[in-house]
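Trainee: Given next are the chains, with one letter for each unit.
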Amino acid sequence: MDDTRQLSGKAAIAGVGLSRFGRVPGTSAMGFALEASAAAIADAGLAKSEIDGVLVLMPPQMGEQHGWASRVAVHLGLAPAFCSTMDMGGATAIGMMQTAAALVHAGICKAVLCAFGAQTNPQGILPTMFGSQFAIPYGDVGAMPFMAHVGRRQMHEIGITSEQYGAIAVAFRKHASRNPLAQKRDPMTLADHQASRWIVEPLHLLDCCLVTDGGGAIVVTSTERARDLRHGAAKLAGFGQVHSSEIVHPDRHEAGIGGGREAGEQAWRMAGLGPADVDVVQFYDGFTPLVVHSLLVYGFCRPDEVGAFVAGGELEFDRGRLPANTAGGLLSEGHLSGFNHVAEAVRQLRGTSTSQVPDVEVSMVTGYGGAPHEAPPTVAYTVAILTR
Amino acid sequence: MFKIDKPLPMPTEESAPFWEGTRRGELRAQRCGDCGHLRWPPAATCPICLSSRQEWVRLSGRGKVYSWIVVHKSQHPAFWGDPFNVAIVELDEGPRLHTNLVDVDPSVIRIGLPVEVVFDPQNDEITLPRFKPAA
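Protein sequence lines correspond, in order, to chains A and B. The opening position of the first sequence corresponds to residue 1 in the working numbering, with each subsequent residue numbered one higher. The opening position of the second sequence corresponds to residue 389 in the working numbering, with each subsequent residue numbered one higher.
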């Protein structure tokens, strides 16, 4: 990779938007993508005619998978110079921001819309067999068994306990209870977490993210242009991504804490910052073990201290050293594939979060996604560092 | 009411020799014909050197439990019902395979448990390798 420091802070998020979200029957993924896009463009305060790039993520179970970006562009009445559909699951929002920054830097686009929509009702459209002949016949289907294996290995290798996972879920629910838009706002205790039913042992129901219909969108433009817009610039100071296999791939699996570290290192290097500089973070929290994993690979905790760190309330916005998932995360706000994490990271910089951390200058967001049901399970890690 | 069958592998040219092996009571993996890397899962090219030259070798069928979970709620309706285990077994030769543990008292399942392969025919074509505690 060439030196990315020249890109640091050159592009910025000018606007973010979320559609309605939750369990919203009778709606469409496209409708949510358009609703979120309109909200993001309005939030930026940009004329629609200035959007000349469109990147779109739609869930794979949408069936007819081609041409989503062009279709979103046509529905919005845009005439983009560049359109692309992207697919890295929950890592995509940040991957899009990287792509958008590069497009702006290269002069191909002036402002890029990154959009997402999903509709999971009425019955959670289930492909009959999406994945691998070496995993699915045994009942290892989807993200939940995969993350249960990750949890089992964390318990074995670093001694994490289910109660420590529970402390993460409780912290994020505390934040969600202050967010009027969150899907789950009822207070949760550690006892509630422990009493919740097994999904895949060692994970309880409350270790798992929500199922959400909805969409999100982000507008990326040059920092120079963003400064003149409604909310100013949330600068893209650093970003990184890495793609790896986990758990079953002996060729590349490291013993110990696993993949993702390089994505953080790229982002830190580009931004000229490190973990100690982060004021607030939105971790991709599809499952509680993923938060533990992120704390390790992005350099916040050592393996021997991460359990006590999460159990000690260090992720809580009003008493922790590292306020995290301050809108409630995928665990309690809703699963908008990380677009809600980007929106919250931007709110923290603007000072408009419902669980605001004082004087935020460095706001971090992570993404994670891919094909957990493959053999080998294959995932993408993405990291973005936003600054004022 | 209707019944949804558990999904079974549909062999491809890369994987057919593996499934032919299990049908005959052999656990096999590809070895790279150039760099000698033993790879899992089957694939057209070597992840180390990208060579497409390869041969199939027979594995010992012995290994240890690397991870194990208990599925209570599956995303796939064919697996709805009583909870069941899914394990990842690390073979003595290195590859890690998804599988189920059979003929085992659930209370003795742990990471590191020595196991050996058993062959479980599903139909004329497909035999799934599963694992039981080593004798």
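Simulated from the structure, these hints should not be mistaken for laboratory data. Keep in mind that the hints are not guaranteed to be accurate.
As the list claims (entries may be wrong) - With the Cβ distance kept under 10 angstroms, some of the chain A side facing chain B (calculated, not the full set): (1) 149; (2) 152; (3) 203; (4) 261; (5) 376.
What the hints assert, rightly or not - Here are the computed distance ranges between Cβ atoms for each label pair: (6) 491(B) x 66(A): 39 to 49 angstroms; (7) 388(A) x 510(B): 55 to 65 angstroms; (8) 491(B) x 352(A): 37 to 47 angstroms; (9) 522(B) x 185(A): 43 to 53 angstroms.
Unchecked claim - A few chain B residues that don't get close to chain A, going by computed Cβ distances all over 12 angstroms: (10) 400; (11) 414; (12) 440; (13) 445; (14) 448; (15) 471; (16) 484; (17) 517.
As the structure is a computational prediction, the values presented were derived from the model and not from experiment. No residue lacks a Cβ here, since even glycine has one placed at the ideal position from N, Cα and C.
Trainee: Now look at each hint and say whether the structure bears it out.
Mentor: Comparing the hints with the structure gives:
1. 149: Constraint on residue 149(A) satisfied, holds at 4 angstroms.
2. 152: holds, 5 angstroms
3. 203: Constraint on residue 203(A) satisfied, holds at 8 angstroms.
4. 261: This interface hint is violated because 20 angstroms lies over the 10 angstroms limit.
5. 376: holds, 7 angstroms
6. 491(B) x 66(A): 39 to 49 angstroms: holds, 48 angstroms
7. 388(A) x 510(B): 55 to 65 angstroms: The hint (55 to 65 angstroms, Cβ to Cβ) holds, given that residue 388(A) and residue 510(B) are roughly 59 angstroms apart.
8. 491(B) x 352(A): 37 to 47 angstroms: Cβ of residue 491(B) to Cβ of residue 352(A): about 59 angstroms, so the range 37 to 47 angstroms is violated.
9. 522(B) x 185(A): 43 to 53 angstroms: The hinted range 43 to 53 angstroms holds for residue 522(B) and residue 185(A), with Cβ atoms some 51 angstroms apart.
10. 400: violated, 8 angstroms
11. 414: holds, 16 angstroms
12. 440: The claim stands: residue 440(B) keeps its Cβ more than 12 angstroms from every Cβ of chain A (closest is about 17 angstroms).
13. 445: holds, 15 angstroms
14. 448: Holds: least Cβ distance 15 angstroms, greater than 12 angstroms.
15. 471: violated, 7 angstroms
16. 484: Violated, since 4 angstroms does not exceed 12 angstroms.
17. 517: At about 10 angstroms from chain A, residue 517(B) fails to clear the 12 angstroms cut-off, so the statement is violated.
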